[in-house]
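Enquirer: Given next are the chains, with one letter for each unit.
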Amino acid sequence: MSEIERLHSVAQCLRARAVRMVHKARASHLGSCLSMADILACLYWQVMKIDPANPVLPDRDRFILSKGHGAAILYAALAERGFFPIEELDTYCQSGARLNGHATSGVPGVEFSTGSLGHGLPVGCGIALARKRAGLPGRTFVLLSDGELDEGSNWEAFLFAPQHHLDNLIAIIDYNKIQSFGRTKDVLDLDPLADKLRAFRWDVREVNGNDMQELCQTFNNLPIGSGRPIVILAHTIKGKGISFMEDQLIWHYKSPSDEQLAAALTELGASA
Amino acid sequence: MRTAFIEELCLLAENDPSIWLVCGDLGFSVLEQFSDRFPDRYLNAGVAEQNMTGIAAGLALEGKTVFTYSIANFPVMRCLEQIRNDVCYHGLNVKIVSVGGGMAYGTHGYSHHGVEDLGVMRCLPNMKVVAPADPFEARAAVQALVADHGPGYLRLGKAGEKNVHSQPVQFEFGRAIPVVQGSQVMIFSTGGTLGIALEAARDLQAAGLSVAVSSMPSLAPLDRDAILAAAHTAKLVVTVEEHGPGGLGSAVAEVMAESGLGCLLRMVRLRHEILKTAGSQEFLRASLGVSRQHLVDTVLSVLRP
Chain L
79 MSEIERLHSV AQCLRARAVR MVHKARASHL GSCLSMADIL ACLYWQVMKI
129 DPANPVLPDR DRFILSKGHG AAILYAALAE RGFFPIEELD TYCQSGARLN
179 GHATSGVPGV EFSTGSLGHG LPVGCGIALA RKRAGLPGRT FVLLSDGELD
229 EGSNWEAFLF APQHHLDNLI AIIDYNKIQS FGRTKDVLDL DPLADKLRAF
279 RWDVREVNGN DMQELCQTFN NLPIGSGRPI VILAHTIKGK GISFMEDQLI
329 WHYKSPSDEQ LAAALTELGA SA
Chain H
57 MRTAFIEELC LLAENDPSIW LVCGDLGFSV LEQFSDRFPD RYLNAGVAEQ
107 NMTGIAAGLA LEGKTVFTYS IANFPVMRCL EQIRNDVCYH GLNVKIVSVG
157 GGMAYGTHGY SHHGVEDLGV MRCLPNMKVV APADPFEARA AVQALVADHG
207 PGYLRLGKAG EKNVHSQPVQ FEFGRAIPVV QGSQVMIFST GGTLGIALEA
257 ARDLQAAGLS VAVSSMPSLA PLDRDAILAA AHTAKLVVTV EEHGPGGLGS
307 AVAEVMAESG LGCLLRMVRL RHEILKTAGS QEFLRASLGV SRQHLVDTVL
357 SVLRP
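Taken in sequence, the protein lines are chains L and H.
Take the first sequence: its letters are residues 79 to 350, numbered as in the working numbering.
Take the second sequence: its letters are residues 57 to 361, numbered as in the working numbering.
Please note that the accuracy of each hint is not assured.
Calculated Cβ distances over 12 Å to all of chain H for the following chain L residues [what the hints assert, rightly or not]:
id : residue
1  : R84
2  : R140
3  : Q241
Computed beta-carbon distance windows for the label pairs [as the list claims (entries may be wrong)]:
id : chain 1 : residue 1 : chain 2 : residue 2 : range
4  : H       : G216      : L       : D273      : 46 to 56 Å
5  : H       : C179      : L       : A131      : 37 to 47 Å
6  : L       : G174      : H       : Q240      : 12 to 22 Å
7  : L       : L237      : H       : D92       : 47 to 57 Å
8  : L       : D325      : H       : G345      : 55 to 65 Å
Where chain H lies over chain L, by a calculated footprint (3+ residues, C-beta under 8 Å) [stated by the list, open to error]:
id : region
9  : 183-192
10 : 195-205
11 : 224-238
Derived from the structure by calculation, the hints contain no laboratory data.
The C-beta atom is built at its ideal place from N, Cα and C for all residues, glycine as well.
With these hints in hand, go ahead and build the complete structure from the sequences.
Expert: So this is what it looks like as structure tokens:
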């Protein structure tokens, strides 16, 4: 099995974990989890310097999930990576559990609690600025949704990061082109998004965010010390990997039935 | 008061390399004291308070003690969710400084009147809320905020306030500062109304009443013991503040109502109205019911009806 195939199988495993968690918890946001599965697999298994045995390793790369509603698959990635026991995933959204529906710090590996949109990038700017001024290693990765780019706070941060040459900051936009009420182009059209970000003086990289080969190629060849922050515009498909969920708005909300769970797991090549 | 703040912050920053100052493009001719001496720990985030506060949270995650600074409502209201979710949720070491609290920016209009800040801030968990009365209290409060690990809010006046205390004061979170002793009436003041409270107390003493005055710069935590002690011994407790509902009066009322003690309470605070007229700080606050005379009249209406 090639490295790319291995990472793809990791992503499929994360998808299966997330589907089971959301099904059990009768939770939502599954489509958002599935679109970013490949990005998480690439970052956590290939790109980021992390130590599951020491989640607060000083020189680690930091990861902030600004689209905090995708917490289920982040928890799945952290558990699969060894930050905490896999069995704990069964407690997702259960009363008294630490695995909240939105990313919540205190869970080993979760750097920052999110949930309200437009918070991750400014915080990432602060971390990156502190480390850059101190000459400390470690990059800061912030994963945003496309819908959350409606929030003005992100554009404040888009202005800020190039001004302060935060080349240790990498924003990733999960551009699945669906937000709560419909297509992003119908709610608040972001396009031409890459041009906008270039105009803000970011180093913009466009990639198929569901193609492991492209993701690895991109993330493994990011410039170091260029003086410019980097944004990865990851074109993705909401609900990616499960045919009846792909590109469907309703899977922002719905929880799979028992039959849908079984069908989804079959498509993912996972056991029930 | 802002001069006292920046001088004290510079003194502390000399010995504490974790202290950062982050402003929202305001503080011209004030913050240079800090930025000139500690350029590596100073940041102008631009006119972007949400990002400013998120950045402060990120810096605090990296171990910094971060002061955010802007005027009136801007570092509070514009970025309230960042304060709540980024700072308080994570218990981060970020201190929000608002200069020109109350109606210090009188002629600038309601947009610049910070008259709901104390109520909003004291609702937030983990938030220490401090409104000093004068430069002495401001200096002591800055020291205490730096010594404390966690979120804080500091409401400052503007510039040129005189010292009300005659000498440096002891400041502790959750402790009132007694200024005048007396038995019949207890006046609690927070922030810049302490001078009014002392003047009113003199008037009332001249009218034969025994009046105590305490400054309450620490709104959260609150000095419950001082309130309960006053409620036990005095006939009347009066609060005075340059703030609308939700501030000191409300905080004291909560404690007194739960105590079951029969002591009377009156609140001298800004009426819940929006003024569209220009005016000085003194004019505007008197227009909404906060002045020496309002305080005197309030006490006399209860005790000398």
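Enquirer: Compare the structure with each hint and give your call.
Expert: Status of the hints after comparison with the structure:
For R84 (chain L), the condition that its CB be more than 12 Å from all CB atoms of chain H holds, with the nearest at approximately 33 Å. With a closest Cβ-Cβ approach of about 8 Å to chain H, R140 (chain L) is found to fall inside the 12 Å limit, against its non-interface label. At roughly 8 Å from the closest C-beta of chain H, the C-beta of Q241 (chain L) falls inside 12 Å, breaking its exclusion from the interface. Taking the beta carbon of each, G216 (chain H) and D273 (chain L) are about 50 Å apart, inside 46 to 56 Å as hinted.
For C179 (chain H) and A131 (chain L), the Cβ-Cβ distance of about 40 Å falls inside the hinted range of 37 to 47 Å, so the restraint holds. Between G174 (chain L) and Q240 (chain H) the beta carbons are some 52 Å apart, a value that contradicts the proposed interval 12 to 22 Å. Checking the proposed 47 to 57 Å range against L237 (chain L) and D92 (chain H) shows it is violated: the Cβ atoms sit about 25 Å from each other. Checked against the hint of 55 to 65 Å, the C-beta distance between D325 (chain L) and G345 (chain H) comes to roughly 60 Å, which is consistent with it.
For the region 183-192 of chain L, the stated coverage by chain H holds: 5 residues have a C-beta nearer than 8 Å to a C-beta of that chain, and at least 3 were required. With a threshold of 8 Å between beta carbons, the proposed coverage of the region 195-205 of chain L by chain H holds, since 9 of its residues qualify and at least three are required. For the region 224-238 of chain L, the stated coverage by chain H holds: 6 residues have a C-beta nearer than 8 Å to a C-beta of that chain, and at least 3 were required.
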